[in-house]
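Here is how the chains run, residue by residue.
Protein chains: 4
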Amino acid sequence: MIVEMRKGATKKEIDAVTARAKNLGLGIQMNQGTDKTVVAILGSNTGQLQTDVFAVLPGVESVTRIMKPYKLVSREFQAKNAIVNVNGIEIGGKRLVVMAGPCAVENQGQLAKSAEIVKAVGAVILRGGAFKPRTSPFSFQGLKKEGLELLDRVRKQYGMPVITEVTDSNDVGLISSYCDILQVGSRNMQNYVLLSAVGQMKCPVVLKRGFSCTVTEWLTAADYILAEGNKNVILCERGIRTFEDSTRFSLDVSSIPVIKRASYLPVIVDPSHAAGHYQLVPSLAKAAVAAGADGLLIEVHPNPKEALVDGLQSLSPSDFTRLMRELKPIAEAVGRTF
Amino acid sequence: MIVEMRKGATKKEIDAVTARAKNLGLGIQMNQGTDKTVVAILGSNTGQLQTDVFAVLPGVESVTRIMKPYKLVSREFQAKNAIVNVNGIEIGGKRLVVMAGPCAVENQGQLAKSAEIVKAVGAVILRGGAFKPRTSPFSFQGLKKEGLELLDRVRKQYGMPVITEVTDSNDVGLISSYCDILQVGSRNMQNYVLLSAVGQMKCPVVLKRGFSCTVTEWLTAADYILAEGNKNVILCERGIRTFEDSTRFSLDVSSIPVIKRASYLPVIVDPSHAAGHYQLVPSLAKAAVAAGADGLLIEVHPNPKEALVDGLQSLSPSDFTRLMRELKPIAEAVGRTF
Amino acid sequence: MIVEMRKGATKKEIDAVTARAKNLGLGIQMNQGTDKTVVAILGSNTGQLQTDVFAVLPGVESVTRIMKPYKLVSREFQAKNAIVNVNGIEIGGKRLVVMAGPCAVENQGQLAKSAEIVKAVGAVILRGGAFKPRTSPFSFQGLKKEGLELLDRVRKQYGMPVITEVTDSNDVGLISSYCDILQVGSRNMQNYVLLSAVGQMKCPVVLKRGFSCTVTEWLTAADYILAEGNKNVILCERGIRTFEDSTRFSLDVSSIPVIKRASYLPVIVDPSHAAGHYQLVPSLAKAAVAAGADGLLIEVHPNPKEALVDGLQSLSPSDFTRLMRELKPIAEAVGRTF
Amino acid sequence: MIVEMRKGATKKEIDAVTARAKNLGLGIQMNQGTDKTVVAILGSNTGQLQTDVFAVLPGVESVTRIMKPYKLVSREFQAKNAIVNVNGIEIGGKRLVVMAGPCAVENQGQLAKSAEIVKAVGAVILRGGAFKPRTSPFSFQGLKKEGLELLDRVRKQYGMPVITEVTDSNDVGLISSYCDILQVGSRNMQNYVLLSAVGQMKCPVVLKRGFSCTVTEWLTAADYILAEGNKNVILCERGIRTFEDSTRFSLDVSSIPVIKRASYLPVIVDPSHAAGHYQLVPSLAKAAVAAGADGLLIEVHPNPKEALVDGLQSLSPSDFTRLMRELKPIAEAVGRTF
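Residue numbers (our numbering), protein chains in the order written: chain A, 145 to 482; chain B, 145 to 482; chain C, 145 to 482; chain D, 145 to 482.
In case anyone wonders, no lab produced these hints; they're calculated from the structure.
Keep in mind that the hints are not guaranteed to be accurate.
Identical copies look the same in the list; a pair holds intra-copy or inter-copy alike.
[Stated by the list, open to error] Below, a list of computed lysine to aspartate or glutamate pairs in the EDC-like style, where the Cα atoms sit at most 16 Å apart:
hint : residue 1 : residue 2
1    : K212      : D389
2    : K449      : E205
3    : K180      : E220
4    : K151      : E290
5    : K180      : D296
6    : K346      : D159
7    : K449      : E157
8    : K346      : E372
9    : K375      : D179
10   : K156      : E205
These figures come from a predicted structure and were not determined experimentally.
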């Protein structure tokens, strides 16, 4: 942590900074510049220290953190890539893992049909939402417990692990008994009570990026889950909010290589929520694979025209089949099996 | 809702749009342009309808919603300004209401001292956090239940209503028994389970704006609370995330007049979280009052240098005293009592 | 264009809207909703009409444009993909075109060495800046005319067309006599005098996206060039400004498929300025190709450690060689020759 | 400048950093942390140095600039507030200066009428655009030279100084002979050729903030003007681009106190372009004055319904009269004469 003193800061002000550092058990190093003094604060946990601790002191111009605020998810903490195992399927390994299915579970027929379609062309995990966080209270909120039961039935029928979203700390136990991967959605990425709750489970967790959170905040949120003991975390990029309005969100494809440098956790991409439109999904899916994603989470509906939620961004069976065929050579070009 | 057909859309495609509208009990009006057909979808609840319902149909180029997605909070729903009454203090009326106090409750002495200071110069509601949502799991998370008890003791001692944050649906009952206003924080603005839970209480709720949510999404989130029966909602602007990095967030002062046009709910402003620095807080507080805010929520600490959380954005007693003195003529200039 | 009247708008107010439409030679269609009247304004040039024309009238709640504001670059204007020919090299055709070279021309040796390196592994166009727009007046501003002469010499020596930036309308004539493609940089995307000036040339123009401009604004800016008669426009995505700070800009990979739907112009991608760091460039380059870009514009320096400008985002010869090898199978996977 | 080495960086890598610093005539100070080495680079011009110079070296993890990149506009360069004198009117002094008039000069009658109206209620400078930068080439581009002549005539008739926009370096001489203040618009804030050209004049310059530029970039752009010798620079906040779509841009009211700390230059606010709607302009104007702005730049049209450009954001004569009356007590509350 670097504390820049104001031009003309007094000795007493500088001493207050060094005294506080010593109080906190931190080392210091003085840098006497031509115009101003800069104090370097040294210690192994300065990433977790608030900059305010020094910034409030008189005579301080600015405080800059050098260490990252995340710790347990950092590649400095663990150098080797983590592989999250879901019923024998490895996420973060050599194989590109495709998770697909409808946005919302609607009924037995729709879900079973979805599983059949996506499994036939190579998807290995089924997605489907039972608890749906919706912008308006007047929109369809999901089938809830009934949806979970359908997921459970279909995963057994097709032998596919299932991923579904959890939106409240109360529901973690219930939902995890019906699924194989818990999904924490974008709007809950900073719901720390929920993060702690899923951290107390053993079940793999897909942590979607908050649509206005930096990669650093996202990795720090993942620390909440690991801090409780659950190491089975998969990150999922799903687009960020920008000024651009031709897509629902802007897929931040750069976050893939950024995370690969900063962390050892697997990262997958949801091109459907980023694009918001089925015609754009294939390009984004291909870009994600080319950029190094470990997997994809794609919305597919047997009949998007009749979907209760997000029909426009759902691929039809034929679109999905074509996409899977087109993804194969790209996956292979970046050294993946598929 | 306006459905623009693609240039060259077939009669069959247009018929599918009108058939779907009729199925949904909606009226339609055809607009035959020179190049393309535009279908207007008519009905009183088209604001709550998903655009996807039409956008997925073949031959559709784009769908534009004309009606707003929020309903119960809309000025079309209720023309007259709402006044939320907190133990006799009216929020949304002629008086400018100042809520002030520390970011986090630290101990009895700090809280009582804060109450004494802010009450002495005109603040009428005490703020203080017991459950703190923190970016890192390694940061101080608040005193929790013990903090609530301190809030309860101090509100009685000083005769000031208290506002504190709730971060999980489980805690709503507990927290509401110790405070007078429940605060839903920025990171939980789209935690719909929590919104529904506070909606089932009678207690006034301050709903902070999600730092990356539009005014429209914010008002729609408020609909969740009203839909459950709780009409005592106060909106709180607290800055949005932008590319600008000289402040912690960018105070969207425009949201005040925008909300005053769109809704009848009171709106207050938190200049502390927007600024992130005590030296910027007074200017933002004054701007908010001049722009028409009904109140302010300000962080004040007896000794910011020793604050456990957010010391840099907390006003010292002398800074707060000066600000309150300077706010008075501005409040009066815009027709407020103070 | 859709004009939504306020609830309770009077007949007189509605008549004023229809009268103005007729004055402008536009058709109208009335949509009498349950709550409010919506007037559709019909005509072939409503995309170029300002919404203000109606929005200022009393009783109008909002005005929504349905038609796009751009015209000449639109796929509705020309269905077939354009191919821009640069000395026999086709941009926008089947071949993936790679343009590479240093950010700034520094001296004869550096430029010639760059040309040799990039040509050897498959780049077909040489980039190099002589007029450099720099954030600070105290930074190196480029070799200017001397830089142009070096570009001219090297393009002849290596038989490679050259692309270089123009930053002022005055310089368009001079610069175009030394290069094969004029580049309009991100900060000048809305410098309309410059756009008109390059529009009066016949030389191909690469129009970089303004880092905070929407795709719609970008296409409308391209209309300025086409409106003056120059049809040889190539669009270049180079990252947009967002809140994310782990990269210099956020590459908006979605803009590639969005533009392919909306326009017939070729689109290339500059992964270097988006990433800001050489370690991230390869992933972004691969993502761009997979998403359908027609070409790449990449910064390569014989010795990035000694670069005068943007060394951190420049690839070294060995990095570039590896990238070109890795791009080949991805290009082929999406049906490109390379 | 702070250079953080990677964990495990070798002595040779660290030596390369210190050698480069010495080559550049800079001092260094080593900070040996528990995990990694941090090198502080010391010198008076490190704000103008590119971080890339060190970031490209092997073993470097990150480089953080402590000094600001701007220099001549900095409060460290000059402590005392500058006052820009326009024909005896002081901008940056005790008086709140209001500049008002139409977006575009349309004809003699419209401009004279505007001058009459705004002067009558206290505006002291007349605004009016002759060269209009427009998003679409098919929109009205201003009266150009004819517009300048009208401005000249009307400023003499009403004895009011005039401000008008310059959009190309070629036009600087011409335009400055017809006006009293040159305005550099938002889209040209990083048109460095234009900045240098206005820097060579003596005429006061209003430098509008680029709608996606940080305060730091804005101040650095102002350095271009001062570096050429023109010290008469007035900064103008006019809203930034964010995700919020209920206003045309988001007025960054925080930039006012931020600039007051960082620079000695006067800062004014244009609430019209930020709001985009006349009903929101008064709140923003009041907020700006309360936050400490030195002046306002407001669009007023004798008859907004007939305005050729931006009618929706123009105040009518009666709206402007009311606003000026309402601004007076706010200006006085913050210690301004009006």
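Checklist line | Numbered hints the structure breaks, given as an ascending list | finding: Failing hints, ascending: 4, 5, 6, 9.
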